[in-house]
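5 is the number of the first residue of the sequence shown in our numbering; add one for each residue after it.
Hint data in this document are derived by calculation from the structure and do not stem from the laboratory.
All C-beta atoms, glycine included, are put in the ideal place defined by N, C-alpha and C.
Have a look at the derived ranges for each label pair, beta carbon to beta carbon:
(1) 37 with 121: 17 to 27 Å
(2) 66 with 5: 17 to 27 Å
(3) 105 with 162: 40 to 50 Å
(4) 59 with 80: 21 to 31 Å
Here are the simulated DMTMM-like cross-link-like pairs (lysine to aspartate or glutamate), alpha carbons at most 20 Å apart as the crow flies:
(5) 152 with 179
(6) 152 with 12
(7) 152 with 78
(8) 146 with 78
(9) 146 with 12
(10) 152 with 141
(11) 133 with 30
(12) 146 with 80
(13) 47 with 19
(14) 146 with 110
(15) 152 with 181
(16) 67 with 161
(17) 152 with 80
(18) 133 with 34
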Amino acid sequence: MIQRYLIDLLQDGFDAIVADPIILEDIFLENYGLAGEEVAAIKTFFAAHPVSLVNGYSRQDNKYPAIAITLGSESESQTVLGDDGGMVMDEDDENFRCDINTAIWEHTYFLTVISEHPDTTAYYYEIAKTILLAGLEQLIEKGLASIKVSGEELLLDPAYMPEHLFLRRIIFSCERELQQINRDSRLFKASRVEGIAVDKSGSPSDVGGVKTNVTVYFADGEETDAGDQI
Numbered sequence: 005m006i007q008r009y010l011i012d013l014l015q016d017g018f019d020a021i022v023a024d025p026i027i028l029e030d031i032f033l034e035n036y037g038l039a040g041e042e043v044a045a046i047k048t049f050f051a052a053h054p055v056s057l058v059n060g061y062s063r064q065d066n067k068y069p070a071i072a073i074t075l076g077s078e079s080e081s082q083t084v085l086g087d088d089g090g091m092v093m094d095e096d097d098e099n100f101r102c103d104i105n106t107a108i109w110e111h112t113y114f115l116t117v118i119s120e121h122p123d124t125t126a127y128y129y130e131i132a133k134t135i136l137l138a139g140l141e142q143l144i145e146k147g148l149a150s151i152k153v154s155g156e157e158l159l160l161d162p163a164y165m166p167e168h169l170f171l172r173r174i175i176f177s178c179e180r181e182l183q184q185i186n187r188d189s190r191l192f193k194a195s196r197v198e199g200i201a202v203d204k205s206g207s208p209s210d211v212g213g214v215k216t217n218v219t220v221y222f223a224d225g226e227e228t229d230a231g232d233q234i
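Could you build all of it, start to finish, from the sequences and the hints given here?
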């Protein structure tokens, strides 16, 4: 599940920063050019306020800062592949000779950064974005493609959030191949041809002398004269 991939990636990234806070200097001092005093304050705040990762919408009792990961949208973008995913060819697989139905899906996920101060939201947004971009290779190895990352500021919706919170979200979109095994398809596969049987009233010459290098056998198992092949 892509949502789980994103949560695991963020958790690993935040754990790495806890273990080595110098990473925050790389992000804010080297990349963004913030003053040393501000970067020191970020490191102090980060150590005292671990981020809460939420699978789904943030709840009233969440601790902040938090990052809530939700599904924005998904759809099947390429239906033309149909049954062209191939066939299971591993003879040891229980699905041997089943067709593989294949489609390409587009997915969009929202990673909403929430805190009680606008600067804190901005800091954790940049940290999460950096972790996400640094982990793109891991996501590609899991089968994700056409990855795009963008972001935006959000207005607070009091129907879902406590008052006095500030929100930014990362918009993560990607494509992924979805495969399904069609187990019924193997019922319609032709059997392997081991030979051919014809009635004695038939003759190899009836097919116009076409040579297929298959020795003709009559229905009673008697072989034709040597060389009589169709």
